[in-house]
Amino acid sequence: MDKWIKIALIFTLLIFSLEGFAQKQRFPKPEFGTGYSQPTPVTPEPRALALEYTDVIVLLIVLSLSSWIAIKDRSRKKMLWLSVFTLLYFGFYRDGCICAIGSVQNVALTIFDPGYAISITTLLFFLLPLIFTLYFGRTFCAGACPLGAIQDLLIVKPLSLPEWLRKTLGILPYLYLALAVLFAATGTDFIICRYDPFVGIFRMDAAFHMVIIGIAFLLMGMFVARPYCRFLCPYGVLLNWMSKFSKWHLAITPAACIQCKLCSDSCPFDAIDYPTDEKQVKQRIWGVNRFLVYAVLIPLWIIIGGYAGSKAHVWISKANPKVYLAELLISKPEVRLDEKNLDVQAFLSSGKSMEMLVDEASVIRRKFYFGGWIAGGFMGLVIGMTLLNQIIFRTKKDYQPNKGNCYSCVRCVTYCPVKN
Amino acid sequence: MLFSSQSRRSLRRIIVLQDPYVKIAVNMLNVNSHKQIRGIEMENSPKNSRRDFIKKGTRLSLLLTLGAVGGIAAKHLTGEKYVWQIDPFKCTQCGRCATSCVMSPSAVKCIHAYDLCGYCDLCGGYLKPDANQRSTAAENQLCPTAAIQRKYIEEPYFEYVIDESLCIGCAKCVKGCTSFGNGSLHLQIIQNRCLNCNECSIARLCPSEAISRVKASNPYKVKGSFTKEGKS
Numbered sequence: 001m002d003k004w005i006k007i008a009l010i011f012t013l014l015i016f017s018l019e020g021f022a023q024k025q026r027f028p029k030p031e032f033g034t035g036y037s038q039p040t041p042v043t044p045e046p047r048a049l050a051l052e053y054t055d056v057i058v059l060l061i062v063l064s065l066s067s068w069i070a071i072k073d074r075s076r077k078k079m080l081w082l083s084v085f086t087l088l089y090f091g092f093y094r095d096g097c098i099c100a101i102g103s104v105q106n107v108a109l110t111i112f113d114p115g116y117a118i119s120i121t122t123l124l125f126f127l128l129p130l131i132f133t134l135y136f137g138r139t140f141c142a143g144a145c146p147l148g149a150i151q152d153l154l155i156v157k158p159l160s161l162p163e164w165l166r167k168t169l170g171i172l173p174y175l176y177l178a179l180a181v182l183f184a185a186t187g188t189d190f191i192i193c194r195y196d197p198f199v200g201i202f203r204m205d206a207a208f209h210m211v212i213i214g215i216a217f218l219l220m221g222m223f224v225a226r227p228y229c230r231f232l233c234p235y236g237v238l239l240n241w242m243s244k245f246s247k248w249h250l251a252i253t254p255a256a257c258i259q260c261k262l263c264s265d266s267c268p269f270d271a272i273d274y275p276t277d278e279k280q281v282k283q284r285i286w287g288v289n290r291f292l293v294y295a296v297l298i299p300l301w302i303i304i305g306g307y308a309g310s311k312a313h314v315w316i317s318k319a320n321p322k323v324y325l326a327e328l329l330i331s332k333p334e335v336r337l338d339e340k341n342l343d344v345q346a347f348l349s350s351g352k353s354m355e356m357l358v359d360e361a362s363v364i365r366r367k368f369y370f371g372g373w374i375a376g377g378f379m380g381l382v383i384g385m386t387l388l389n390q391i392i393f394r395t396k397k398d399y400q401p402n403k404g405n406c407y408s409c410v411r412c413v414t415y416c417p418v419k420n
Numbered sequence: 001m002l003f004s005s006q007s008r009r010s011l012r013r014i015i016v017l018q019d020p021y022v023k024i025a026v027n028m029l030n031v032n033s034h035k036q037i038r039g040i041e042m043e044n045s046p047k048n049s050r051r052d053f054i055k056k057g058t059r060l061s062l063l064l065t066l067g068a069v070g071g072i073a074a075k076h077l078t079g080e081k082y083v084w085q086i087d088p089f090k091c092t093q094c095g096r097c098a099t100s101c102v103m104s105p106s107a108v109k110c111i112h113a114y115d116l117c118g119y120c121d122l123c124g125g126y127l128k129p130d131a132n133q134r135s136t137a138a139e140n141q142l143c144p145t146a147a148i149q150r151k152y153i154e155e156p157y158f159e160y161v162i163d164e165s166l167c168i169g170c171a172k173c174v175k176g177c178t179s180f181g182n183g184s185l186h187l188q189i190i191q192n193r194c195l196n197c198n199e200c201s202i203a204r205l206c207p208s209e210a211i212s213r214v215k216a217s218n219p220y221k222v223k224g225s226f227t228k229e230g231k232s
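Protein chains in written order, with my numbering: chain F, 1 to 420; chain U, 1 to 232.
Some clues are possibly wrong.
What the hints assert, rightly or not - To spell it out: a stretch of chain F is covered by chain U in this simulated footprint if at least three of its residues, at any positions, have a beta carbon under 8 Å from a beta carbon of chain U; those stretches are:
#1 99-109
#2 238-252
#3 326-338
#4 343-350
What the hints contain is simulated information worked out from the structure, not anything from laboratory work.
For glycine and all other residues, C-beta sits at the position ideal for the given N, C-alpha and C.
Okay, chain F solo, but in the shape it has when bound:
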């Protein structure tokens, strides 16, 4: 009993003199007489760096194979099996991380924040697919992207969407890209990774709402083929630009198109351009004036977009935890008393002054202001260009894949009656 009283006494003494003892050992380590040997804490090693380089090599091999299949071999079956491998390796084995789509944010962060160092692996995951696309078309989407693969394998009965809907929804990826780069560059958040709908499925573990979103995307994908790729994927925007000017590209027919129309319904993504209707050409002659008007309107669109973006910066910047906390503390000073608000309590106990927090927050908000102008201006440009593209008219003789939107999945090739 004596021992207990002693310990309790020391205990209470120590509680009252917490501050003074904080750095020292309150209870020195005892010297054991019984030859007790102290265990060491278990600290398992992380995944080896060599395995990260293996991922890059696997990506390189998969990209090369996928490009070879799309350009030379033209076998849908091989492409299918390649995407199954990608799904298993980059999806289920690597748990959907590392991926080229998310690497956009790392590149943005490393350009705008000198304190952040990008790893060679991430930079290669960003660059390799883009370079391959510049030469062979979007073969990355067909064979090397796990997110594309999981959607592609679940296409059941693809519906053809009307053009106006495709074009309108097609603006979303640009918006997503602009926001993702804005958030990454300001060091706020990596939204592409956080709202990746399929990563939860790859990991078989995710927050409830993300599981629901993931399953919803897959179910939707049965009828609207590859919904994420077409109407959200921010990396797809870059791939689209590259692919439009690619040196080689998947061709539907190996020789000359015989206009049989057999391939016209084969594409689940509505990515086959039909031959120009001669009647339509006559109708569009008056389009020149319209073209000029739309072209002149583009700078206006950019200014409108930039202005809207800069106006929205106050609201968007609240996504940054520091800005949010500073705003909360200023607008509702009573939260200081709220014991349950962990962020406020952690800030109060950190010893940081309110001025420091406000300074930091205003620096971030300033970044959001400039970023808002750039992102908004970019969106204005996108809208202007989309409208302009409605009246730009290129004569097409044959059924051809739309080089920007085609994923090189090789489905259409099997429908073409012309062989070799």
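Please build the complex by placing chain U on the supplied structure of chain F, with the hints as guidance.
Same frame as chain F, but now just chain U:
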């Protein structure tokens, strides 16, 4: 190439002529040959070569842009692998590690830095501060999953071992140990469980900004070998 397609066409004509749908097929072929002649003409036209030139130029400039982006990014390039880790001296034991990790249970677990442990009988990390009785009965234990095992060593010292398979990283024991004891119990990200997400979801929500990237060659900040000022 032209020759081969022509021979193929003549071959098809022979086959098609046996067919009942002769007219349609011949029609189709005529359209086809017409198109082909136009196609050859188009390929050599100045309009097409100009288009090719523009395409080539754009491709080159896109490649240069990629090179520039890669070059700027390469300024801060690192060959080292980085992983997420908790600074135990910044940690305020808020409990979000248990709930915010993408893994369930969390990749964060409690680690015992035995070097700092006082081997107390009355352990602030093991027993509830407001326990009804001074006993080690389950209702008096702080750990919700009974992951801390207490072992008698010699009078009056006890060893506390954490069963990592049971630990959920809730930091209740860490809070107790840091407030009443030496702070030898503390949280660490267990690297073979951590998925090393692009952006750690706990780091985002950590109120004390205790989680940061560390070099994978030195992936832990275990108290004792890691001190408040930095690595020893």
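So, going through the hints one by one against the coordinates:
no.: 1; hint: 99-109; in the structure: holds (count 4)
no.: 2; hint: 238-252; in the structure: holds (count 5)
no.: 3; hint: 326-338; in the structure: violated (count 0)
no.: 4; hint: 343-350; in the structure: holds (count 6)
Hint 3 from the earlier list is the only one contradicted by this structure; the remaining hints agree with it.
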